[in-house]
Every structure is written in structure tokens, then in C-alpha cells.
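K.L.:
For reference, the chains in residue letters:
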Amino acid sequence: MPVESDVRLGSGVVIFHPELVNLYGCQIGDGTRIGSFVEIQKNALIGKNCKISSHSFICEGVEIEDEVFIGHGVKFINDLYPHATTTEGNLQGEADWKVLRTIVRARASIGTNATILPNVTIGRGAMIGAAAVVVANVPDHAIVIGVPGRVIGDARERERPR
Amino acid sequence: MPVESDVRLGSGVVIFHPELVNLYGCQIGDGTRIGSFVEIQKNALIGKNCKISSHSFICEGVEIEDEVFIGHGVKFINDLYPHATTTEGNLQGEADWKVLRTIVRARASIGTNATILPNVTIGRGAMIGAAAVVVANVPDHAIVIGVPGRVIGDARERERPR
Amino acid sequence: MPVESDVRLGSGVVIFHPELVNLYGCQIGDGTRIGSFVEIQKNALIGKNCKISSHSFICEGVEIEDEVFIGHGVKFINDLYPHATTTEGNLQGEADWKVLRTIVRARASIGTNATILPNVTIGRGAMIGAAAVVVANVPDHAIVIGVPGRVIGDARERERPR
Chain A
10 MPVESDVRLG SGVVIFHPEL VNLYGCQIGD GTRIGSFVEI QKNALIGKNC KISSHSFICE
70 GVEIEDEVFI GHGVKFINDL YPHATTTEGN LQGEADWKVL RTIVRARASI GTNATILPNV
130 TIGRGAMIGA AAVVVANVPD HAIVIGVPGR VIGDARERER PR
Chain B
10 MPVESDVRLG SGVVIFHPEL VNLYGCQIGD GTRIGSFVEI QKNALIGKNC KISSHSFICE
70 GVEIEDEVFI GHGVKFINDL YPHATTTEGN LQGEADWKVL RTIVRARASI GTNATILPNV
130 TIGRGAMIGA AAVVVANVPD HAIVIGVPGR VIGDARERER PR
Chain C
10 MPVESDVRLG SGVVIFHPEL VNLYGCQIGD GTRIGSFVEI QKNALIGKNC KISSHSFICE
70 GVEIEDEVFI GHGVKFINDL YPHATTTEGN LQGEADWKVL RTIVRARASI GTNATILPNV
130 TIGRGAMIGA AAVVVANVPD HAIVIGVPGR VIGDARERER PR
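Residue numbers (the numbering used here), protein chains in the order written: chain A, 10 to 171; chain B, 10 to 171; chain C, 10 to 171.
Honestly, the hints are just simulated from the structure, not real lab data. What you are looking at is a predicted structure, and each value in this text was computed from that prediction instead of being measured. Don't take each hint at face value.
To be verified - Which chain A residues face chain C? A few, computed with CB under 10 Å, are given here:
hint, residue
1, 11
2, 14
3, 18
4, 65
5, 125
6, 126
7, 132
8, 145
9, 146
10, 148
11, 157
Built from N, CA and C at the ideal position, the CB exists for glycine as well.
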């Protein structure tokens, strides 16, 4: 069963196809909706009333606050130098690397296929454009696009205030 | 069952693993082949004899004509400013945003991991390169690569005429 | 059953959710671990003690040596001009195109959401950055980032020697 029993689900969480996700050891806030082909790892924290779109990957070390939109195919990262094995050639285990952290503040929106490097905070109400690669902290309400991501505007000037 | 009963399937449609897709309310033309981990949303239209590769996402508002190739991980978009919630903090519903449209003309090919912004038409026989981000209309037979996508040639000069 | 009977699995291979992968006609080396929403096609070769992360796609024509890390959402390609149909409008079959090859040498690491064009060799111990697009051969131990990917350093200077 791909929603493990150790997942802490808030009230009113909607998982459209529980047989097509892989959730384990994570916490999902009240009212959050989760699409298909989504993986959320242990110790990831998701707030209330978020939308987690299909094909996204949220790893250990990621904390997502309330009312955040995670687009289709968005992927987080928690290791800058990932390896399959140790320098001695053994399978790498949990003791062989350190989980890096990422925070996404309330009401931020992360666009389709964006990639989020670790050690960053994405500010409140920020908008990350489709296919952007976030490599540094994003100020509140900033609009970030491109590879690597750069700030090109303020989300409050592009739409109704939030 | 992740192929909902409201999907209108043409004759000879091949879905390699019906238990590993998420199709609902869409129309799929005769002879089209659909890979694994594919989501196709309601009101999406797919033509005849297309190939829809694994990990792709085709949203409401997208119309794909006949004989189109959709590469692995290709993702469409129908909202330029997506949000999880309304400005009042309620879960966003269908009345809170407008579906934007995308058209892919016959015999176009969209490369692996490409991201297609909405409000565009991709022309007949056009080729979108791997990982390209399409942000504007693509002329017939144009080759587009890069982020953001730009025209670099004519597909008819790179291969046998189609 | 999405792990076909023609898959040659080494000893100690771990597939975390066999019902959420699509493996057919491929060879997986001893001790390799495979995440969810992974597709590995026929004639793909995967070495020993690799880590194949969720949402990755490994196609026919790809050979991955031992101790390689394949990040989340990584996608390989085996056709530069993919099409759904032939010039005559018939569904394209195996006789209508030629599989291009890609080699990933031992101990290389390929970052999240990277896209790997075919006809390349990624060298031993090389590191491909998140969301990079690899379009040319990568020397041993090179660090490659960007779109298109370019060499920016030597992995041996960024971490403990491997």
C-alpha cells in the first residue's frame, strides 16, 4: 500500500489515487490535495490547504507551509553531491550523508518542472516559474524564472494582492 | 481504476499499463499509444496515431492533433499564476481561475522533459528539443530548443520530408 | 505485473514498490536499488550497487556501469528526431528508426531532472548537475551544469576523492 501507515494525514486530505502515490513517514496538513505519481519522503512536512501536483517529488528535509502550490513535476533535492556508494564502494546509508534543508513559505507557488536546490528558503507568496532552477533564497513575493533562477519581478504587481 | 469510465477511447488505442496511468474525462484518438505514469486530464483532446510517452502530463485546455509525438516527461500548463488557495485563503475551485489553451498541430514532436507554457500553438511538423521551454507560438516545421525556446532551424532540412 | 518476467535481476536488488515501476527486458546488477515511478526499457543495462531514483526513465540503448547514482526525474533519450508515425502516416515501428546509445561510466552521479541526449559517454565519477542537459561527452570526474551542459570543475576537488 503506497500510503504507509506512518504518514500523519490531517483532516480532509484528498489523495486522488492512493494506489498511485508513494508517501511514507511524512506529515500532510488539513485539506491538502495530492495528485498522482507523487512521492513524499519521511520527515517531509506539508502544511494545510496545499496543492501537490502530479509527478512531484518532495524529499526529506523539505518543509512546506500552508497554502502552497507545488506544480507538476516539481522536484526538491537534499544532497548536493549524491552518490550511490561510499568511497569504499559500499552502498551508501543514512550515516554517509547529511540531509540538507529547504523551506517553502506560505502561499508560495512553484511552477511546473521546477527544480529546487537545497539550503534555500522560498519566501512567502513567491512565484517560481515553470522549469526554473532555484539555487538561492527567494525573497517574499518575488517572481523567479530561468536557469539558474533569477528574480524578475514582484508577484503582487502581476495579479490580485495575496 | 485509473482509466475512468468517462474517457472516450478510439479504436486500437494501446495503454501499456492501464493500472499505471491516470486518465479522466479526456478523448484519445484511434491508434494512439500511451506509456506509463501518464496523466491526461478532463477535456484534453488527443488525436489519432499519437505517441504519448511515459511521465508526461497533458492538462485540460490542451488539444493535440493527429500523429503527434509527446516525449517522456513532457508537461503542459494551463494557468500562468497557479495558486493552491484564493486570496481569502479558501481552497481554489474551478470558478477561481480560467483554463488557458494550447494547440499542438499534426505531426509535431515534443522532446523529452520539455515544458509547454499555455496560450501557444505549436505548428504542424514542428520539433521541440529536449528540455526546451516553449513560451510563444512555434511556426510549422520549426525546430525549437533552449530556455526560453527559440527557433534554430527547419525540421524539413534535418530529416526526410514529412 | 510491472516487473516483467524477462527482467534479469541480480541478487539483492531492491525495488521499493514493484507495483509502481515499469521494468521490461532489462538487466539490473546486484545490489541496485530502484525507486518508484521508474521505467527501464528492454536492452537497458544497469550495473551493480546503483541507485535509480524515483521518476527516472532509462531507455533502450543506455548502459549504466556500477555504483552510478541516477537522480529523481532523470531522463535518457535514444532518438534525436522522434516521431509518432512514418512519413507515410503509419505508426512507427522498430524498423523505422535506429536506437542511439549512451554510456554512463562507474561512480558517476546524475542530478535531479537532468536530461541526457544520446550518442554520449558520461565519464567515470562525473557529476551532472540538477536540471542540466547533457549534449556531449563528459570527461571522467568532470562537473557539468547548465543548458546546454558545460564543464565547470572537477568532482575530485569538491569532495572527498572517489
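K.L.:
Does each hint hold? Answer for all of them.
P.N.:
Hints, one by one, checked against the model:
no.	hint	result
1	11	holds (6 Å)
2	14	violated (15 Å)
3	18	violated (19 Å)
4	65	holds (9 Å)
5	125	holds (9 Å)
6	126	holds (6 Å)
7	132	violated (21 Å)
8	145	violated (13 Å)
9	146	violated (17 Å)
10	148	violated (22 Å)
11	157	holds (8 Å)
Hint compliance for this structure: hints 2, 3, 7, 8, 9 and 10 are broken, all remaining hints hold.
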